[in-house]
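Chemist: Here is how the chains run, residue by residue.
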Amino acid sequence: MYTAPKFKRQTLALACACAALFVGTEALAAGAAAAANAPRAGAPRAEVIHWWTSGGESAAVKQVAQAYRAAGGVWVDTAIAGGDQSRAVTVNRIVGGNPPTAAQFNTSKQFFDIIEQGMLNNVDDVARAQNWDKLLPEPIVSVIKVDGHYYAVPLNIHMQTWIWYSKAAFQKAGIAKEPASVPEFFAALDKLKAAGIVPLAHGGQAWQETILFSAMLANLGGKDLYLKVLRERDPKAIASPAFRNVLLAYKRLQSYVDARSPGRNWNDATAMLISGKAGMQIMGDWAKGEFTAAKQVPEQQFGCIAGLAPNAPYLMQGDVFVFPKTRNAQAVQAQKLLASVVVAPNTQLAFSKLKGSVPVRTDVDASQADACAQKGIAIMKDRSRHLGVSEVYLTPDQNGALQDVLTAYWNTNMTVEKAQKNIAAALSE
Amino acid sequence: MSRPIRAVTPYAALLPMALTVIVAYLGTMAWTLRTSFTASRTFPSDKFIGMTQYERLFDNERWMLSLNNLALYGLLFILACLVIGFLLAVFIDQNVSGEGVLRTVFLYPYAMSFVATGLVWQWLLTPGTGIDGAIASMGFPDFVFDWIVDQDMAIYTIVIATVWQSAGLVMALMLAGLRGIDGDIWKAARLDGIPTWRVYVSIIVPMLWPTVATVFLLLATSVVKLYDAVVAMTQGGPGTASEVPAKFIMDHLFLRSNIGLASAGAIMLLVPVVALLAPYAYARSRSGRERGRA
Amino acid sequence: MMAQTALSTPAVHVPAAARPRRRHFTPARIGIYVFLFGAALFFLMPLYVMIVTSLKGMDEIRAGSILALPGAWTVEPWRQAWSEVCTGASCEGIRGGFWNSVRITLPSTILPILIGAINGYALSFWRPRGANLLFGVLLAGAFIPVQVMIYPLVRLLAGAGIFGSLPAIVLVHLVFGMPVMTLLFRNYYASLPQELFHAARIDGGGFWRIFLHVVLPLSTPIIVVAAIMQVTGVWNDYILGLVFAGRDNLPMTVQLNNVINTTTGTRLYNVNMAATILTALVPLALYFFSGRWFVRGIAAGAVKG
Numbered sequence: 005m006y007t008a009p010k011f012k013r014q015t016l017a018l019a020c021a022c023a024a025l026f027v028g029t030e031a032l033a034a035g036a037a038a039a040a041n042a043p044r045a046g047a048p049r050a051e052v053i054h055w056w057t058s059g060g061e062s063a064a065v066k067q068v069a070q071a072y073r074a075a076g077g078v079w080v081d082t083a084i085a086g087g088d089q090s091r092a093v094t095v096n097r098i099v100g101g102n103p104p105t106a107a108q109f110n111t112s113k114q115f116f117d118i119i120e121q122g123m124l125n126n127v128d129d130v131a132r133a134q135n136w137d138k139l140l141p142e143p144i145v146s147v148i149k150v151d152g153h154y155y156a157v158p159l160n161i162h163m164q165t166w167i168w169y170s171k172a173a174f175q176k177a178g179i180a181k182e183p184a185s186v187p188e189f190f191a192a193l194d195k196l197k198a199a200g201i202v203p204l205a206h207g208g209q210a211w212q213e214t215i216l217f218s219a220m221l222a223n224l225g226g227k228d229l230y231l232k233v234l235r236e237r238d239p240k241a242i243a244s245p246a247f248r249n250v251l252l253a254y255k256r257l258q259s260y261v262d263a264r265s266p267g268r269n270w271n272d273a274t275a276m277l278i279s280g281k282a283g284m285q286i287m288g289d290w291a292k293g294e295f296t297a298a299k300q301v302p303e304q305q306f307g308c309i310a311g312l313a314p315n316a317p318y319l320m321q322g323d324v325f326v327f328p329k330t331r332n333a334q335a336v337q338a339q340k341l342l343a344s345v346v347v348a349p350n351t352q353l354a355f356s357k358l359k360g361s362v363p364v365r366t367d368v369d370a371s372q373a374d375a376c377a378q379k380g381i382a383i384m385k386d387r388s389r390h391l392g393v394s395e396v397y398l399t400p401d402q403n404g405a406l407q408d409v410l411t412a413y414w415n416t417n418m419t420v421e422k423a424q425k426n427i428a429a430a431l432s433e
Numbered sequence: 042m043s044r045p046i047r048a049v050t051p052y053a054a055l056l057p058m059a060l061t062v063i064v065a066y067l068g069t070m071a072w073t074l075r076t077s078f079t080a081s082r083t084f085p086s087d088k089f090i091g092m093t094q095y096e097r098l099f100d101n102e103r104w105m106l107s108l109n110n111l112a113l114y115g116l117l118f119i120l121a122c123l124v125i126g127f128l129l130a131v132f133i134d135q136n137v138s139g140e141g142v143l144r145t146v147f148l149y150p151y152a153m154s155f156v157a158t159g160l161v162w163q164w165l166l167t168p169g170t171g172i173d174g175a176i177a178s179m180g181f182p183d184f185v186f187d188w189i190v191d192q193d194m195a196i197y198t199i200v201i202a203t204v205w206q207s208a209g210l211v212m213a214l215m216l217a218g219l220r221g222i223d224g225d226i227w228k229a230a231r232l233d234g235i236p237t238w239r240v241y242v243s244i245i246v247p248m249l250w251p252t253v254a255t256v257f258l259l260l261a262t263s264v265v266k267l268y269d270a271v272v273a274m275t276q277g278g279p280g281t282a283s284e285v286p287a288k289f290i291m292d293h294l295f296l297r298s299n300i301g302l303a304s305a306g307a308i309m310l311l312v313p314v315v316a317l318l319a320p321y322a323y324a325r326s327r328s329g330r331e332r333g334r335a
Numbered sequence: 003m004m005a006q007t008a009l010s011t012p013a014v015h016v017p018a019a020a021r022p023r024r025r026h027f028t029p030a031r032i033g034i035y036v037f038l039f040g041a042a043l044f045f046l047m048p049l050y051v052m053i054v055t056s057l058k059g060m061d062e063i064r065a066g067s068i069l070a071l072p073g074a075w076t077v078e079p080w081r082q083a084w085s086e087v088c089t090g091a092s093c094e095g096i097r098g099g100f101w102n103s104v105r106i107t108l109p110s111t112i113l114p115i116l117i118g119a120i121n122g123y124a125l126s127f128w129r130p131r132g133a134n135l136l137f138g139v140l141l142a143g144a145f146i147p148v149q150v151m152i153y154p155l156v157r158l159l160a161g162a163g164i165f166g167s168l169p170a171i172v173l174v175h176l177v178f179g180m181p182v183m184t185l186l187f188r189n190y191y192a193s194l195p196q197e198l199f200h201a202a203r204i205d206g207g208g209f210w211r212i213f214l215h216v217v218l219p220l221s222t223p224i225i226v227v228a229a230i231m232q233v234t235g236v237w238n239d240y241i242l243g244l245v246f247a248g249r250d251n252l253p254m255t256v257q258l259n260n261v262i263n264t265t266t267g268t269r270l271y272n273v274n275m276a277a278t279i280l281t282a283l284v285p286l287a288l289y290f291f292s293g294r295w296f297v298r299g300i301a302a303g304a305v306k307g
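Chains as they are written, first to last, in the working numbering: chain A, 5 to 433; chain B, 42 to 335; chain C, 3 to 307.
Keep in mind that a hint or two might mislead.
[Stated by the list, open to error] Computed footprint of chain B on chain A; a stretch qualifies when at least three of its residues, placed anywhere within it, have a C-beta under 8 Å from a C-beta of chain B:
1. 108-120
2. 207-219
3. 233-241
4. 391-401
Just so you know, these hints were derived from the structure itself, not from any lab. Note that the Cβ used here is the ideal one computed from N, Cα and C, for glycine as well.
Kindly produce the complete structure, drawing on both the sequences and the hints.
Modeler: Now the structure itself:
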């Protein structure tokens, strides 16, 4: 009968020893962790899941963490890059019975299903005490207030369709003043093209194409058409000639982007502006971070245009914290504390300054903000210009289906009539 | 050992596998099937809507395109990996110097997270600033390689990057198979005066058949599950040109909170797999039984 | 059949001397080296870009060509990747997850390999009734994208009370690793001669005895391949560790992903590349050092008859 040679037995013995050592250290580590995590009496402990992982975003969320600590709480950070992954972990942990104290979502309908299942705590006390109905813009309230209860606390407002431009490129193309209407905008693009500069820096990803579309819908179509299409999902509005023109203008933008745009990341497109290779980019206000990192200053090396009409809509998107349902008294206390800390004016200012967004409350002191943020804050004071981005009005599925049509229309020879038809189908459920 | 104990032991040893199959796999397949007949969004719901999700699926241009892409991709990917992996293994097996280094060179792509390597491939294949720019500057100014921004060719760039990632593993498996072949074969072949290439074609390759079967199955699983590479390189673009079923399913599972449609997609993906595997499994179990009697 | 009789002894790798030796430079030999060299160039190109990018400053990357050597060399990105880059509110680089990854990978490799070997052994030599059907379903399961199975598994593990812990993630890796591991071992054992098995049974060996003393010692090449696949798969796994391991056990890939995949934040490509290479060092080391087991065949002293 075959017997194992000596070295095989030695290997086996070594493996067993390693395993024993491993299990032993595991037990020790588990014990230590348990001791460390023993709840400290009193201090409200908040574990927060979010997806702010880059340098600028990290600094911003640290401001919230510091404010929370200053208010007496303990902040436990669980950062997971990628919005959809972060939200997936949140949902799975809620389902698995191990929910975080708070979790980040976008100002959107992403968490409506969770509310429907009764899996979120509300923060009505804080909301009523601070009069959120009056304090916050209407698009935000429409998303966080469901059936009369407030289920999320907003952190910031990003504007999705800022038009950034490189001053050097404008000078080279002979554009003397900022375009202030849609025809002037296209004229500027033509001038840039004639000067041999890439007129529109664009990254060929579905969400970026949606931004271009939203910019055209808001600026060319106007607030009424925008709401009819995206909020009411009115088939007549979608089939209307006005909407057709919006789609044509959107597709016209494609003639101004360079051939290498497909797949490009948004910050690589911004880099084209920074180096003067491109003239304009339509992107959210997070693009400021790229300019700042390259040591460029607003109104000096680059400029920012909020809209192509004196009262162009201000397209708002943003981030909120939701509070998974828990009966643990300490956790509930932590949730309420976090909600009130987040909306406090100081936290709002500190967070938005580093994040590139504007605060959700209109009663803050804007003097510290940079030129572009100040423009944004000033516009925010005019409630008639408040509008939400598509995900504020559409469910994630409808929004995704809309994006599919928009990116297909951009990239293929789809006729505008077919695009209208497909959009109507996408928004019909 | 007494007979009863010996008869039971194999069954007992297979208990973990049985549990895993029944609870984890069959259970999940059943749950997915059930969900595909409901109107579930973020959470599973009990609202049964029959075949509506499947109708939506086949009305969806993106899904149909993804199936098409998968077939194209699968064919090319498996073929390229098999051929390149086999050639690499055979050549390395020829007593070349620096075998250890070479083996690591071909295997290292498998170790790297595709999130970053996918981005690098995107850079390399971007027209103008990638490889074609370098070749152009070397004296071929008209050379353009713009597959990655082309609607029809984008899926092939994914073939290139994933073959780069997986061919090394195929090589490793083939090498293990090759080295497991008895050296006496070579001796006998030399005695018989058969040229080396002929030995490979007529004797070695047929003997490697179990290895090839293993490799084929492994590659097939990674074809069906293709997701990371597409997300990292093209995000399914330009537009939806390089969309694949697994990405479609994933997008609807998480991003679009529509697990009903995602489940329908997952079941549709599973159906051809089962259809192909069942005869394969049946054939193998028959040949196995015959071998056992030998 | 000639092949069968030649294999009456179990597959032993005969030392190099018996194989066709051609040390002189025939055209065929040159052709081999040319092919290998060309292939090596293709395979190394992305690594070159990654290393070169990781040694440049961001301005150079924004402005310059990806294939160019760094104008101003810097190892800052590497330092940042390891200990400084922000992965959330904490900015401590990717080193935090290193030990978590080790603690997850070790049991998640050993257990699936062991069970895969036992499964493959039982399937190919003992063939109990219904086992092939089970194996067929297991194999079909290998084609299901992992994410589809997450929700049911979350419910299962939550019901068992272990969701969000180390045992949970090891169990999950076992479930997902089992199809491939079983396939590897089963097909490998199927290529071993049945006479070996019959002889051992005649000698009076039982299930475990034959496994430990006859089959396992012959399994070195496939164990190495299995280890390579499982270690790589578990070490680079992201989504399973993220969902099932629990906050205190998050693997290194979560930090790596946090560094690379920011949605609207600035991207530091040089740090990303450095972080990716750092994360890949463990599987790479395994590949490199597995050489001596890999394919030198079965250990000296393998049975003959």
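Chemist: If a hint holds in the structure, say so; if it doesn't, say that too.
Modeler: Here is how each hint holds up against the structure:
no.: 1; hint: 108-120; result: holds (count 3)
no.: 2; hint: 207-219; result: holds (count 3)
no.: 3; hint: 233-241; result: violated (count 0)
no.: 4; hint: 391-401; result: holds (count 3)
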